[in-house]
Every structure is written in C-alpha cells, then in structure tokens.
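Colleague: Let the sequences and hints guide you as you build the complete structure.
If you read the protein sequences in the order shown, they are chains A and B. Mapped onto my numbering, the consecutive letters of the first sequence carry residue numbers 1 to 141. Mapped onto my numbering, the consecutive letters of the second sequence carry residue numbers 1 to 141.
Hints are not guaranteed to be accurate.
All copies of an identical chain are treated as equivalent in the list; a pair is satisfied when it fits inside any one copy or across any two copies.
Pairs of lysine-lysine residues, derived as BS3-like cross-links and limited to a Cα-Cα distance of at most 27 Å, are as follows [unchecked claim]:
hint, residue 1, residue 2
1, LYS100, LYS134
2, LYS100, LYS20
3, LYS100, LYS44
4, LYS20, LYS134
5, LYS44, LYS20
Just so you know, the hints here were simulated from the structure itself, not pulled from any lab data.
There are 2 protein chains.
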Amino acid sequence: MTRANEAWESLMRAYAVLMKQFNAEDVWGDLTMREYDVLYTLSKCDGPLRMSELNRHVLLSQPALSRMVDRLVDRGLVERCPDPGDRRGVRLSLTPEGRKVQQEIGRPHARSVTRALNVLTPEELEQLAVITAKLAGNEEK
Amino acid sequence: MTRANEAWESLMRAYAVLMKQFNAEDVWGDLTMREYDVLYTLSKCDGPLRMSELNRHVLLSQPALSRMVDRLVDRGLVERCPDPGDRRGVRLSLTPEGRKVQQEIGRPHARSVTRALNVLTPEELEQLAVITAKLAGNEEK
DNA sequence: TTAAGGTAGATGCAAACGCATAGAACTTGA
DNA sequence: TCAAGTTCTATGCGTTTGCATCTACCTTAA
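Modeller: Written out as structure tokens, the structure reads:
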C-alpha cells in the first residue's frame, strides 16, 4: 500500500464523514445536498454556465443532471436559455428566487463547514486548499 | 468566505474530479464503485463488521446499504451471520469469492490512484493524509 | 457542398436510492 | 419485572439515478 493510496483512502473517509455530518444538519429546506450543490456552483460562476461545464463540477451523470435541472427549472430556481453561439447548447443561470434560496441555505451551511474544519490549524487549512486544488487540476492525460 | 470554506470547496472539487476519473476507468467488472467500496471496507477490517459500523464508512443511507448487502449476498460475495452477542445485529464478512473479486479490482484501481496522486510531492501526500485523518476523526459535537 | 464523425443535451427504462416506518431486541429506571 | 425509550436492520413506496440511445447541431475535409 503506497502513501498515495493511504492518502486517498483517508480523503475519501473524511469526505464521507463530513458529508454525512452536513447532510444530517437541518439547513437544507426542501432541497437535497446535490440540488444545493448545483445552485451553489451556478451562484459562483456567475455568468451563465453550460450544462457540460456544470457537469464537470458536479458528481452526477449527464442524464441525471439534465433531469435535475428540469426539476429546478420547474421549481423556478434555475433558468435554461438557448446558447446563441451553439444551438445544441444551453445556458444555465439562477433565477432571483434561486439565488435567494441558495443564499439562505448557504449561510448556515457555511457556518457548519467552518465549524467542522476548525479542528485544523490555519497552516493545515492552507495546505489542504493547495493540495486539493492541485489534485483537481490534474485532468486526465 | 473563510479559509475553511475555500478549503472544503476545493476538497469537494478534487473528490468529484478524481471520482469521475476513476469511475471512467475500465476496472470495475460488473460492480459499481459503491459496491466495490463495501467490499474494500470489509476486506480491510477483516473481523466481521456490523452493518451500522460499515454504514459509518460508506456514503449511503442505512436502507440503501441494507439492500446493497442483500445483493452482494445473493451474488455470493458477502456473508451475513447473526451476531451472537446481539440478536438484532448482523455480522458481515467477505466470502472467499468476494475477497478474490475485491483483490482483482483493487490491484488496477490502486495503480490508478497512485498515478492520479503522483502530482503531489511526498511531503504533500503526507500532509494530506494527516489532515484528512484529523477531519475524519472529528465526530460531531 | 456535403458526407462522416464528433459533441450537447434529452429521453426510455430498469435498477438503486432516501424517507418514513415497522418489528424485533437491547437498556434503563421505577 | 416490566413499561418506556433506544438501537439495529429490514421493508413499502415514490423519486432519482445510470446506461444506452436518440436527435439535433457543429466541424472537418474532400
């Protein structure tokens, strides 16, 4: 078992533990964490986002994401517009209501995250951010 | 946005990117990654494991795990035994076939993991392991 | 111009999921 | 000792997921 494998296992375990912890908190209203993740991603990259781009950030298959967006559109949280430059494509953005919902959930959730990660020193937080950014940047060959 | 939130977001992103990468590799036979995760967890903690204990390590609801174990038992990969000390409980272990399948998938997957994490220096790998272990240990409250 | 190949997103369908809850077995305190 | 509360796993049920595939559109090259 290499160091790399130990590190990855430890990362997966931390992810599972923290996700369960966050999921158990009573801050999600009538959204799932996955739905919130979509709203959050849209809120960050504040230009309209392509479906395929969004799909890169979210751990969901393309069809599952397509249907989740359907539902979010039906609920008035997300808007689907045709992409002027590519008529196959779609541009997604939050509606004002969607932005509001994202923020209302985001605030208490962000506090939970801060609390959970406070077991780390500032140096460790910094290291974690640097290391995971490096990992995420490693698009496959 | 605090450092903690940035670090968590970065971790989530790295997790999503790497999971997609691993999932796309052709090493899983007729198992899903989640099923493999269960086999792997059982292979590590090699005493029989309680359902509830297994559930702590796996990112699945308790009913979903219960049914996944059903399927793995049906396929002859996992064994369910009554717990002598607690007649509500169940003790889970790999069958020889289950262990074999886990190893055959585990070998190439471990290589993928090593390859993916090779972008990190040995120091970074060490730091990542330490930091995520600390996070996973932070049981709520 | 157009045929061949690739990419974006949607849809049919069976399998798997989560929530709520059931049932059985432990634990605790009166 | 026994009622009330908790914990462990399983099951009913509606929703969501992934795989395979489809259609529409873009790109390339002859």
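Colleague: Taking the hints in turn, state whether each one holds.
Modeller: Status of the hints after comparison with the structure:
no., hint, verdict
1, LYS100 - LYS134, "neither (32 Å within a copy, 34 Å between copies)"
2, LYS100 - LYS20, "within (25 Å within a copy, 30 Å between copies)"
3, LYS100 - LYS44, "within (13 Å within a copy, 45 Å between copies)"
4, LYS20 - LYS134, "both (25 Å within a copy, 16 Å between copies)"
5, LYS44 - LYS20, "both (24 Å within a copy, 21 Å between copies)"
Consistency with the previously given hints fails for number 1 only.
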